[in-house]
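Enquirer: Sequence:
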Amino acid sequence: MSKPPVHAFFVGRALAEALYEQLESAATNAFSELGKFDAEQRERLRQFTDRVVERANKASEEAMQTRTGTASTTTIQDIHPADLQATIDELRAEVALVRSELQRYRSTLP
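Residue 57 in UniProt numbering is what sits at position 57 of the sequence shown, and the numbering runs on without skipping anything.
Take these hints with a grain of salt, some might be off.
[Claimed, not checked] Ranges between beta-carbon positions, derived for each pair: (1) A26 <-> E62: 26 to 36 Å; (2) N57 <-> N29: 33 to 43 Å; (3) G12 <-> T49: 35 to 45 Å; (4) Y105 <-> T68: 19 to 29 Å; (5) E43 <-> D83: 47 to 57 Å; (6) A56 <-> L102: 37 to 47 Å.
Quick caveat, the hints were computed from the structure, so don't treat them as lab data. Note that the coordinates shown come from a computational prediction; the quantities given were computed from them, not determined experimentally. Don't be surprised by glycine CBs; every beta carbon is placed ideally from N, CA and C.
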């Protein structure tokens with residue numbers, strides 16, 4: 001009579017161990033998939049950030065090339081003192097012209 005309860009105990013124990021192993025396996029797989037997903041998302045975010053920075057750098061370089069392409073290409077060493085004063089006067093005149101245009105534009109705004 002004591003044999004069926006003892007046998008039931010060991011069957012229950014084996015069942016509990018098997019269920020624990022299944023749960024452990026399922027949890028391990030779930031955490032593994034979550035880790036993969038997290039790593040993939042981080043990599044996608046890094047690539048996206050790299051693309052944005054690359055585009056910004058390219059746009060900045062293009063703007064600088066355009067700016068330097070339209071600006072005077074003379075350097076400080078090439079300018080003599082008399083030419084330097086003339087260049088400063090020209091720049092002042094351009095600044096004054098831009099200011100007047102800006103004031104005119106602002107006055108036309110509602």
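Enquirer: Determine for every hint whether it applies to the structure shown.
Expert: To see whether the hints hold, each was checked on the structure:
1. In this structure, A26 and E62 break the distance hint of 26 to 36 Å, their C-beta atoms being roughly 54 Å apart.
2. Between N57 and N29, the C-beta spacing of about 42 Å keeps the proposed range 33 to 43 Å intact.
3. Taking 35 to 45 Å as the suggested C-beta distance range, the pair G12 and T49 does not conform, at roughly 55 Å.
4. Judged by the Cβ atoms, the range 19 to 29 Å given for Y105 and T68 holds: they are separated by roughly 26 Å.
5. At roughly 56 Å, the beta carbons of E43 and D83 sit within the given window of 47 to 57 Å.
6. Between A56 and L102 the Cβ separation comes to about 27 Å, which falls outside the hinted range of 37 to 47 Å.
Against the hints set out earlier in the document, violations occur for numbers 1, 3, 6.
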